[in-house]
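Colleague: With the hints as a guide, bring both chains together as one complex.
So the sequence lines, in the order shown, correspond to chains A and B. For the first sequence, the residue numbers in this note's numbering are 1 to 530. For the second sequence, the residue numbers in this note's numbering are 1001 to 1342.
Treat each hint with caution, since some may be false.
From chain B, some residues computed to sit far from chain A (all C-beta separations above 12 Å) [unchecked claim]:
1. Gly1038
2. Gly1094
3. Asp1125
4. Ala1140
5. Ile1161
6. Pro1168
7. Val1171
8. Val1241
9. Ile1309
Partial list, derived from the structure: chain B residues whose beta carbon lies under 10 Å from chain A [to be verified]:
10. Leu1185
11. Arg1191
12. Ala1198
13. Lys1271
Here are the simulated distance ranges between beta carbons [claimed, not checked]:
14. His93(A) with Val1313(B): 37 to 43 Å
15. Val1311(B) with Glu346(A): 27 to 33 Å
16. Leu1123(B) with Arg349(A): 48 to 54 Å
17. Ala223(A) with Ala1024(B): 27 to 33 Å
18. Leu1123(B) with Arg384(A): 46 to 52 Å
19. Pro88(A) with Arg1318(B): 53 to 59 Å
20. Ser398(A) with Arg1188(B): 55 to 61 Å
Read the hints as simulated data drawn from the structure, not as lab findings. All C-beta atoms, glycine included, are put in the ideal place defined by N, C-alpha and C.
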Amino acid sequence: MPYDTDVARPGHPSHGAGATDAGPLLRATGLTKRFFGNAVLQDVDLELHAGLVHGLVGENGAGKSTLMKILAGVHQPDGGTVEISGEPRTFGHPVQAQQAGLATVFQEFNLLPDRSVAENIYLGREPRRGLLVDTGQMQRDTAELLEGLGVHNLSPATVVRTLSVAEQQIVEIAKAVSYDARIIQMDEPTAALADHEVELLYSMIRRLQERGVAILYVSHRLAELFDLCETITVLKDGRHVATRPAAELDEASLVRMMVGREMSAFFPDALPGTAPGAAALTLTGAGNGYVDGIDLSLRAGEIVGLAGLQGSGRTELVEGIFGAQPFTRGTMTLDGRPVRVRSPREAIRRGLALVTEDRKAKGLSLNQSILDNALGVVHAVFPRRTGTARRGMPGVLSSMAVAARGMDQEVQFLSGGNQQKVVLARWLSTNPRVMLMDEPTRGIDVGAKHAIYELMRQLAADGVAVLMVSSELPEVIGMSDRILVMHEGRLAGELPAGSSEEEILHLATGAAPARPEQPERDDPKEDRQP
Amino acid sequence: MSSPVTGRRRVPITSTGIVFLVLALTLVAGAVLTAMSGRNFFSPGNISAILTGTSILGFIAIGQTLVILAGSLDLSVPYVTSLASLLAGVLMAGQTSNIVLGVVVALGVSALIGLVNGLVVALLDVHGFIASLGMGLILAGYLGTNYKGSAGSAPRDFRLIGATNIGPVPVSTLIMLGCAVLVILLLRRTRAGHHLYAVGSNREVARMSGLHTATPVVMAHVLCSLLAGMAGLLLLARLSVGSPTIGSQGGYDLMSIAAVVLGGTVLAGGKGNILGTLGGVAIFAVMDNVMGVMEVNPFLKDVVRGVVIVVAVAVYARRSAGQRPPRFQKQSLTDAALQEAR
Chain A
1 MPYDTDVARP GHPSHGAGAT DAGPLLRATG LTKRFFGNAV LQDVDLELHA GLVHGLVGEN
61 GAGKSTLMKI LAGVHQPDGG TVEISGEPRT FGHPVQAQQA GLATVFQEFN LLPDRSVAEN
121 IYLGREPRRG LLVDTGQMQR DTAELLEGLG VHNLSPATVV RTLSVAEQQI VEIAKAVSYD
181 ARIIQMDEPT AALADHEVEL LYSMIRRLQE RGVAILYVSH RLAELFDLCE TITVLKDGRH
241 VATRPAAELD EASLVRMMVG REMSAFFPDA LPGTAPGAAA LTLTGAGNGY VDGIDLSLRA
301 GEIVGLAGLQ GSGRTELVEG IFGAQPFTRG TMTLDGRPVR VRSPREAIRR GLALVTEDRK
361 AKGLSLNQSI LDNALGVVHA VFPRRTGTAR RGMPGVLSSM AVAARGMDQE VQFLSGGNQQ
421 KVVLARWLST NPRVMLMDEP TRGIDVGAKH AIYELMRQLA ADGVAVLMVS SELPEVIGMS
481 DRILVMHEGR LAGELPAGSS EEEILHLATG AAPARPEQPE RDDPKEDRQP
Chain B
1001 MSSPVTGRRR VPITSTGIVF LVLALTLVAG AVLTAMSGRN FFSPGNISAI LTGTSILGFI
1061 AIGQTLVILA GSLDLSVPYV TSLASLLAGV LMAGQTSNIV LGVVVALGVS ALIGLVNGLV
1121 VALLDVHGFI ASLGMGLILA GYLGTNYKGS AGSAPRDFRL IGATNIGPVP VSTLIMLGCA
1181 VLVILLLRRT RAGHHLYAVG SNREVARMSG LHTATPVVMA HVLCSLLAGM AGLLLLARLS
1241 VGSPTIGSQG GYDLMSIAAV VLGGTVLAGG KGNILGTLGG VAIFAVMDNV MGVMEVNPFL
1301 KDVVRGVVIV VAVAVYARRS AGQRPPRFQK QSLTDAALQE AR
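Chain B extracted, bound-state conformation (with noise of 0.2 Å):
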């Protein structure tokens, strides 16, 4: 962060960069420990269960980064992919030609959620924490009252989605890299990325740009709960049964909202990328796979994760503290120009 007024500047590394340096040093420890178990990290059953455990939590946390980036928060999403998994899982009831209908009514219904989430936010200036907790709440209550269970039933062909391997990598997975291709062009090059982060990061300075302030906040929860309906489709997939509590289980909401910020997210809004966050997802995943090969106690396997993401943050927290403006570091423009004029 500091650069002489001589020149020998350090190229600063972004925090996706230590994200990636991290997940790197994960691999390594990861590979290393597997050996020590005496068996093989890099092995094509093993990678692929790695990727496997990055689908779901990754496609919720594409969704919850564009969410954090437009300054709110998303609690109610496990239980928007128990409600998925399960309305998709009745509709299809085992029949082939029913799959097109489950999805589409499973996926309109999310974004229906995330729409409602959105407009509270925008509209009534709720805070996103309480009202998708709000919705989190409704869901939960509508899920207990009208299924007392799993319900529903995948045909063959749908659950082919949750068990076709291209080499080591699931296909699940590519569809989630896929979604996240898609929110990167969407965040770098379209104006609405652009507004998205210009609303999260200062609404006011958006709306006296002339923004509607109201519009990036809800494509964010419409887009969030449309990832988290597809997380839901995906365990309807791999399961082939729907089920109320798969979503509250996975404890999707807060550890989606970790993996965003282990990505380098700022949780207050308008800084940080999808690439970070899947290194942040693939990190989660990278641990959990090398303490269930070393039979870690599942307790100790939510220290270690609860230790990560405070250390993680910390770090980011000490850099951005070095982040003030450069002072007398760089030469001002105007110190350029006065000298030009001397």
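Pulled out of the complex, with its shape left as it was, chain A reads as follows (with noise of 0.2 Å):
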């Protein structure tokens, strides 16, 4: 990490120091917010200042998103003052806020897949030559912007939708910092980004940081606010817990104050009686357009983590394992026996199961309640066995307690971790033999995330076989009984459990010398073309 947190910190606040003598520049004070009577945000105050960068952590269901939402304009306060360099401000609508020097960048992405870069950075400001738009200055504008922010070589002609997550949120932070923000808070910007990626956002961040801009940073990755972060605010149940300098904390104190308990062990460790035992699933040279050559091998009651940078390949290999994006060439097979799964529900059927890594968009109907979500997966494939699914539903879910009113509730109103557990849930009443997990712990909180892990090492221990596809390094270090590494649609190599996040970044990023470049490597999506 290019950025050295120990050495940094004491020296960092210099250029911002100036800035903090003159007053904070956002300063909110007993921020109260109900919905239905409930109080999602009480009595809680927060100081940003120019130049510093400020942690802002919590369970799901603190209130961090909406506080971020009051502060935009999204959400009007029930109680509370904010300022603004001094002066009291009320925003109405989230552009009033963007007028004011305060931009957003969300967590869900706010553009426009069809649109290009500048289209979408300039949306609703396109700049005019009379009355037609200019595009050429608009894209000129853009190219400087992006240069700015130290972005070089992405085209502001680009049309969104081809570009990769990362890009996308690149973009994304260009278009706050286009509103000339004084002060930008960020809403998880790393949640979909693989770690080599964060430091990209790390450095527009420092540089966004020495132009004296103030940001509010939330994220669940609490390495990150260490990293970053001068001062970390804490929330729990809507209320103020604790601010103080990211010095005086480390991650278990953090955890402490977030979930109110002391955190055993974030990993947990593997159940006893839990023993690799023969092959569940192999794949010998499989393929399927997106990934080639793929040899591997699950044992029951083992849990593999399938490491790689975003678009290297993990999830069309779990697609294509689920018959999602069916393998073409290669062979697979289940407990010995050779099969080809040509769609998901014959992947059901024959005991696999896939967490997808969008659970809002693959994984549940958000419409829907929790019993439906919770026995669609059994209810269309083993429609026999819904009754006995549907009895035993309500342990299962008081099991990962879920929070919910009831299991009538739509799960668009749960928090994302308690989405996660319905959808785990869904999976759990087909019985799998082979889990197959796409970003099981994508933006949920450190508690949710805990109780996954120790499903996971349930599972492990019925003699399941686990794949977990993970960008959170520390998580597949911490729960893999051996690593996979793709690097460009193939396996980069494997490596055992408790090996370093080095040993894995040096094989996903294909700088393994085991494994020189390939320069006319066959397309392995030509005979996709129709």
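Modeller: Structure below.
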């Protein structure tokens, strides 16, 4: 990491110090918000200073999003005041906040997929010459803006749909910066990024700091807060718990303040009696146009981590196994018997389960009830088992501590962590033999993460083979019995449990000497052409 | 859609490209089939007939494109067309001096209907499908009650618009193409056009970017009704009388939606363009012409149209399924940055 936190922090506020003396850029006092009579935010104070990054943490439901939305003008507070540069302000609409110099990068991408980078950034503020939009000027402005953020090879004319997730995140931030914002709030900007892409984001944030921008940074990745933030505020159950200099805190004390109890060990150990058994699933030379030449074997009772950069084909590999992007080459065996899985339905019948990367788009029917979602797969694929599953469901849901009003509540009203638990319940009810999990803890709070880790250990103890795709290297290292690393659609190598982040990144970036560059590799997508 | 890391990058064909490819194929097939019937497909008379066939549906489909891009729909267009032809025809009553009055009133009323549609959609949050269905029923009821049959009469000077050709190109088609150029300019080079795409693509994103999300929707509906009114005026010029059923006979509501979708515009809004729509309209016109020359049973005509629409949309759906964000086919920006850093 280019930014050595221990050395940098003491001297760091130097350029921001003058601004600090001049008072905070933003001061929120006693903010309170109620929804339907329930207080989701109570008497919360917050100060942001020029050139400093302020971390905001808390479990899902702690009120972080509500606080940000009040500052952004999406919600209006029921009590409390917001001052910007000492002047009291109220925002009835996000645009008013933007005009006051406060921009927000929301967790859900606010981009139009079929419009260009420039059109997205200047939406609503297109430069004009006479009556017509000056597209040339717009593209030049965009190029300059991106250049100023240290981004060099992103063309302003590119259609956003074709960008990687990380590039889309850059466009989001560039859009926020383009409002000449003096205060930028970022809601989990790294939730969708692989570890190496986070570095690019860090460098953008540092450039913003140098310009004297105050940043409110929300993240579930605690390590990031220590890399970036001078001060950290902890919220719990809508109340302010503490605001402390980051130097006085460590991950354990943060977690303690967030959850209000000691987290025994963040990554639980394997349960007693867990023993890897026979190979549950093997692939030989498998390929599906996105990935190729995959040889792997998953044993019953084993948790295997699958690491790799964004776009290295991890998702495509699990979708291949699951029949969502069926393999066109190679062989696959389940419990020693060769099988061809051509659709998710076949995969589910054969005892496979896939927790998808994007639970809102592919994992859940948001406007249906918890029960309907949890029984969805069983009902569709094993109709005769529905009754049994229905009877067992209250037990399954309560064992995972799903916090909800009742089983008939629509899942869209649950927090991310609880939604993910419903996704897991959905698959547990099919009694899978092989559990594929794509980013199972993305964007969920610490408590829910822990619950999911414990569940994975339980699955392994029950003899299920677990394959976990994750961009969070600590999670891969903490949970995996073995680590597979992908690079450009192929397996770049396998590492034993307890390998270091450096070893994984080394393989993931294709730097391994064992696998030299293959300049004229066959395009694996060739035979997908109609 | 695939491009290997090594660079042999195929230029992906756009959906507008496909539309015009299909149009070219239709033209070739049309020429061959017409020749087999012993006629010349490219005779000035036939070309003029095809172009005439494009103009009415062209006006309406251009308007429908705007409405669909904004994420709405307009099912009231055929009734607006009928009403415009009647209002103008009755007001003109065969008098050249009344042409301006008839045109202004017909277009004014059309625009007003669009305004109501747009306001209902944008402010009352009624989907365009329902809002314009209701408006269509109201207009149909009004037309049926007040006009028992054709009415009014177009003066000779006005009829010339429908009858004059410049070379093989009818003036009506030129007016339609002129409108198309203006609308293309609107969509590509004005804020209003950019905002129309934005609202159609994702209203919430547009709102968060500070747009008035109602304005583009209302504008699209007004322009759509206005263009439907112009189609009504053109029909009046051709037939010399206004008719309460001329619009619904043409089936312009569903045919215009079909032409828009055939032209590659996404029915959900936010993506598409006028050129594609014009291609779609032209494909229908050529198919109609060829089947007319070959004296194909009119019911079979509908079967062919139906097949073409469904196949076209199936092709687009397959293409967009393949257009998932490129993963490792393309070196990502950050991968490049990382390599540079090493």
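Colleague: Enumerate the violated hints, using their earlier numbering and listing them in ascending order.
Modeller: Checked against the structure, the only hint that fails is number 17, while the rest are satisfied.
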